[in-house]
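The listed protein sequences derive, respectively, from chains A and B.
Mapping of the first sequence onto the working numbering: position 2 corresponds to residue 4, and the numbering continues sequentially without gaps.
Mapping of the second sequence onto the working numbering: position 93 corresponds to residue 1204, and the numbering continues sequentially without gaps.
Source of the hints: derived by calculation from the structure; they are not laboratory data.
This one's a predicted model, so the numbers in the text were calculated from it and none came from an experiment.
It is possible that some hints are incorrect.
Reference excerpt, derived from the structure (chain B facing chain A, CB under 10 Å, subset only) [unchecked claim]:
#1 Q1117
#2 N1118
#3 V1123
#4 G1127
#5 F1176
#6 S1177
#7 F1202
#8 C1203
#9 A1204
#10 G1213
#11 R1221
One-sided and incomplete, this derived list gives chain B residues near chain A with beta-carbon spacing under 8 Å [as the list claims (entries may be wrong)]:
#12 G1153
#13 L1154
#14 E1183
#15 G1184
#16 Y1214
#17 F1216
#18 G1217
#19 S1218
Cβ atoms here follow ideal geometry from the backbone N, Cα and C, with glycine treated the same way.
Each chain, letter by letter, is given below.
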Amino acid sequence: GESVGLHLPTLSVQEGDNSIINCAYSNSASDYFIWYKQESGKGPQFIIDIRSNMDKRQGQRVTVLLNKTVKHLSLQIAATQPGDSAVYFCAERGGSGGYQKVTFGTGTKLQVIP
Amino acid sequence: NAGVMQNPRHLVRRRGQEARLRCSPMKGHSHVYWYRQLPEEGLKFMVYLQKENIIDESGMPKERFSAEFPKEGPSILRIQQVVRGDSAAYFCASSPSSIISGYTFGSGTRLTVV
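Please take these sequences and the hints and turn them into a complete structure.
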């Protein structure tokens, strides 16, 4: 039979406001955490990453926060714009040294209200 | 400098036919990763290849699915005797090294099995 997809959690934000997208990860041995943006009909696009020995990293209009105590990752987007509307995925890379698989979370859909 | 190229963008196959999905990594990238995405879901890892070698196929179904990355030419994901449950978007990503976490993704192939 047909498989039923999960409905992505949706975050609606007014244009110009800040957005905060949260993610819980599972592997305490993960050494890298990455945020991807996926627009409709396109492949995921790398936004920013953070190493496990950091708790904050800033990019252009984006900030990633890492809380290893509670295995939580967040992406903050400042002054959200209509072009930020997309699905955002967090991903984790397990372990250290050599090849480690990158595993994606389920994603959050960001809708920017003009 | 072209990105990761996937073709075809859309592929329709009848149940029982074979599907061949192609991925040309970015120039200078010798590591290729295949992911599958169902509607409204995250990306699920399938297989990781380097030139002429399969490094990790832990996410690939044991039957009907195979992948290769020959010395010359693109990486191929092959699905034999397709079923409706194979309908999904298949994304390829590449990286210059296995320790790089920020993969570059292609635009995907959307497979529809009728």
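Each hint tested on the structure:
1. The beta carbon of Q1117 of chain B comes within 8 Å of a beta carbon in chain A, closer than 10 Å, and the hint placing it at the interface holds.
2. Annotation: interface hint on N1118 of chain B violated; nearest CB of chain A at approximately 13 Å, more than 10 Å.
3. Checking V1123 of chain B against chain A by beta carbon gives a least distance of about 16 Å; that is not within 10 Å, so the hint is violated.
4. Among the interface hints, the one on G1127 of chain B is violated; its C-beta lies about 18 Å from the nearest C-beta in chain A, farther than the 10 Å criterion.
5. Taking 10 Å as the C-beta contact cut-off toward chain A, the hint placing F1176 of chain B at the interface is violated, the least distance being around 16 Å.
6. The interface hint given for S1177 of chain B is broken, as the beta carbon of that residue sits about 19 Å from the closest beta carbon of chain A, more than 10 Å.
7. For F1202 of chain B, the interface hint holds, since its Cβ comes within 10 Å of a Cβ in chain A; the closest pair sits about 5 Å apart.
8. Interface hint status for C1203 of chain B: upheld, as the beta-carbon distance to the closest one in chain A is roughly 8 Å, under 10 Å.
9. The beta carbon of A1204 of chain B comes within 8 Å of a beta carbon in chain A, closer than 10 Å, and the hint placing it at the interface holds.
10. Because the beta carbon of G1213 of chain B sits about 4 Å from the nearest beta carbon in chain A, less than 10 Å, this interface hint is met.
11. For R1221 of chain B, the suggested interface contact is upheld, since its CB lies about 8 Å from the closest CB of chain A, less than 10 Å.
12. Using the Cβ-Cβ criterion of 8 Å, the hint placing G1153 of chain B at the interface with chain A is satisfied: the shortest such distance is roughly 4 Å.
13. Look at L1154 of chain B: its Cβ gets to within about 4 Å of chain A, closer than 8 Å, so that hint holds up.
14. Of the supplied interface hints, the one on E1183 of chain B is violated, with its beta-carbon coming no nearer than about 23 Å to a beta-carbon of chain A, more than 8 Å.
15. Proximity of G1184 of chain B to chain A is violated relative to the hint, the smallest CB-CB distance being about 21 Å (cut-off 8 Å).
16. Hint on Y1214 of chain B holds. Least Cβ distance to chain A is approximately 7 Å, under the 8 Å limit.
17. With 8 Å as the threshold, the beta carbon of F1216 of chain B comes within range of chain A, its nearest partner Cβ sitting at about 4 Å, so the hint holds.
18. Residue-level restraint check for G1217 of chain B holds (minimum Cβ-Cβ distance to chain A is 5 Å; threshold 8 Å).
19. The interface hint given for S1218 of chain B is met, as the beta carbon of that residue sits about 5 Å from the closest beta carbon of chain A, less than 8 Å.
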